[in-house]
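Residue numbers (our numbering), protein chains in the order written: chain A, 893 to 1279; chain B, 893 to 1279.
Honestly, I wouldn't trust all of these hints.
Facing chain B, a subset of chain A residues (Cβ under 8 Å, in silico) [what the hints assert, rightly or not]:
{"hint": "1", "residue": "Pro963"}
{"hint": "2", "residue": "Thr1008"}
{"hint": "3", "residue": "Tyr1131"}
{"hint": "4", "residue": "Ser1146"}
Label pairs and their calculated CB-CB ranges [as the list claims (entries may be wrong)]:
{"hint": "5", "chain 1": "A", "residue 1": "Asp1165", "chain 2": "B", "residue 2": "Asp1027", "range": "57 to 63 Å"}
{"hint": "6", "chain 1": "A", "residue 1": "Val1254", "chain 2": "B", "residue 2": "Glu1112", "range": "16 to 22 Å"}
{"hint": "7", "chain 1": "A", "residue 1": "Asp926", "chain 2": "B", "residue 2": "Asp1165", "range": "44 to 50 Å"}
{"hint": "8", "chain 1": "B", "residue 1": "Tyr1028", "chain 2": "A", "residue 2": "Thr1122", "range": "29 to 35 Å"}
Since the hints were made in silico from the structure, they are not lab data. All C-beta atoms, glycine included, are put in the ideal place defined by N, C-alpha and C.
2 protein chains.
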Amino acid sequence: MRVGVASIGISRFGRRTDVNIFELVEEAVREVWDEGYVSPEDIDYIVFTSTGFTPEFSPAGVYIEHLGLNPIAVHRVEAACASGSAGIYTAYNMVRSGAARNVLVIGLEKMNEFGTPGAVEYLARLGSYFWEVRDYGITFPGYYALFMTRYMHEYGATEEDFCRVAVKNHFYGARNPKAQYQREISLEECMGSRYIARPIKLYDCSPITDGSAAVVISSEDSIRELGVDTPIWIRGIGYSSMPASLTGRADYTSIESARRAAEKAYRAAGIEDPRSDIDVATVHDCFTIAEILAYEDLGFAERGRGVELIREEQTYVGGEVQVNLDGGLKAKGHPVGATGVAMYVEIVKQLRGEAERGRQAVIRRGVGLTHNIGGVGQYAYVSILSR
Amino acid sequence: MRVGVASIGISRFGRRTDVNIFELVEEAVREVWDEGYVSPEDIDYIVFTSTGFTPEFSPAGVYIEHLGLNPIAVHRVEAACASGSAGIYTAYNMVRSGAARNVLVIGLEKMNEFGTPGAVEYLARLGSYFWEVRDYGITFPGYYALFMTRYMHEYGATEEDFCRVAVKNHFYGARNPKAQYQREISLEECMGSRYIARPIKLYDCSPITDGSAAVVISSEDSIRELGVDTPIWIRGIGYSSMPASLTGRADYTSIESARRAAEKAYRAAGIEDPRSDIDVATVHDCFTIAEILAYEDLGFAERGRGVELIREEQTYVGGEVQVNLDGGLKAKGHPVGATGVAMYVEIVKQLRGEAERGRQAVIRRGVGLTHNIGGVGQYAYVSILSR
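Take these sequences, add in the hints, and give me the full structure.
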């Protein structure tokens, strides 16, 4: 039995001082009901994904109450910045097992209330706090600066190459009305931005974001009954893990768990040549270097040659593999526990052909991909979706 | 295809100043390997259950690294004090869907490092912080004091009746070498203990506990191949939810979500008369009143007549429904996010006939039950297990 996405919804991303957290989660869920395919009565179970930037330490029950969704049962799934994908994987298995026909997955994070220093410390605690964060004082820009330094050393890439990723993602953020940063930037602006953790500059970093996203994962039978116009099917989900601490790693130019997750997803979906079989992808560009590593870990480019894809603009609309046409984490924003759900929303929009003008991918094979990393690879999920 | 429990492990519960959190989680997992049925290589996925009494905000990856279990993928499941059951339900669906043959579920909580006032505030934030905890200053003993007061008013129960639950559970705690409180108490001792939130006294409360527990959930094929001596099968899991805030409730003498969860579990397992069909149960006695409500919500007694079961000692070994023979949350202890997993460990031990002398249930039908509540009912899971 096939499992697919029956409906999607997403809030505006940004520094959302105009809404409280209850109103923020409503924005995404209201879009789901407004699509007109699914009603609350159709939902058998709810999976709530969040790392917990909330005053409640067990937010799922409280937000479900506010949304008026009792007595549908709910639990929270957390896998750092891959929480959303882990939640979708949970829903996928519930539907495949026959336990549910329709599972609503809701991702939520309202990070700006913690302030930037507070959010940066909180995020660091999503890493290996005991071994690395507390003793060495490292935070996430520092982690990814190690990757970027090593990559530049090994392969002769330059800071400009990484800024090209920022330029592309801002270009598409400017075309996405839900994005946190809806303006283009130039290579010079990016290169002129201040260092956060050398060689990572401000414009290499994804922002602190408030946002919510929701998807309904359903059985094929249910999708037919609900009359979904363009069903998008989940062809395979791959996952893996690796140590949260960087200390013992041999390789700083790849996220090994992402490579294994991709292999599993490709095997499940029958993808042989990702570069030609995948039309459109969202990848986990928490920092610009992460998008380059993703190109390579996903097999869109050989090791050390990911930078060529961005230099040649092959990941823009019309390119070989169109990547992060929503602006990515970089410009759309990165509400960490909601990001995996937001990635599904984007790929479903792209495959349905519903993305805004100027950022709609050219769809040839009808196949999309999401690549979602938690921490520095201790959680990794890759999904293949198709029309 | 049937799904069952291939292996179990549990740490000693208590104020574990003798171990750090890494050593604590090892205790349960080492018991799993030491049973000799399952090896790390057999595990396809790990579900980690914890509300997050940890220095890391995304603990799953960090503890898996310490346990040497990479690259098996992992995510965390949280549903307040029902996290363990939500995690097992996730594993159950993974196995039923064919996504995994063996899923390791690990529950962990080391609460005493927060100190009692810190832990009590943390626990309160597992409730409806925004609406009730912050504005009215209520904590969990206060919530359950409302239930107890109403129950006494409606049904003429006395404080002694609730202390009888504490006496029973300490009686069995004294026979459980893993329990936090391994000593019997008298009715007079309980009645003489100080009020925490009138009419709830110190001895009506479960303690602040450090502990870990682990189970392996497996397919029937895998259980046969692993050569498990006494497989215990999951016959059904029911779940439901209700508002986290008490303000709008009409009824304070029942946890409605638990009643619905039990109905679903009974339907799935074909249980018609729980009082005669269930041999042994673990119920969520976070406070003594909660055990009485559980008797009624599970159908072991009519509404308002749960106290008769404890007055007549029908929930002791040899009684009609033998309840919390491990000491319950009350005496064994309540490491909140691990409790649902620990309940499975206990029921598997009982159905295998491996519980210690003096606390082994009389097994007639070979059927056991776990009843696990998160918060004040915003999460509720009931499982039926059988030989």
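Status of the hints after comparison with the structure:
1. Interface restraint check for Pro963 (chain A): the shortest CB-CB distance to chain B comes to about 5 Å, inside 8 Å, so the restraint holds.
2. Given the 8 Å rule on beta carbons, the hint for Thr1008 (chain A) is violated: about 17 Å separates it from the nearest Cβ of chain B.
3. Among the interface hints, the one on Tyr1131 (chain A) holds; its C-beta lies about 4 Å from the nearest C-beta in chain B, closer than the 8 Å criterion.
4. Interface hint status for Ser1146 (chain A): violated, as the beta-carbon distance to the closest one in chain B is roughly 14 Å, over 8 Å.
5. Remark: the range hint 57 to 63 Å for Asp1165 (chain A) to Asp1027 (chain B) is upheld by a beta-carbon distance near 59 Å.
6. Restraint check, Val1254 (chain A) to Glu1112 (chain B): a C-beta distance of roughly 47 Å breaks the suggested window 16 to 22 Å.
7. For Asp926 (chain A) and Asp1165 (chain B), the Cβ-Cβ distance of about 46 Å falls inside the hinted range of 44 to 50 Å, so the restraint holds.
8. Range check, Tyr1028 (chain B) to Thr1122 (chain A): about 48 Å between beta-carbon atoms, so the 29 to 35 Å window is missed.
Against the hints set out earlier in the document, violations occur for numbers 2, 4, 6, 8.
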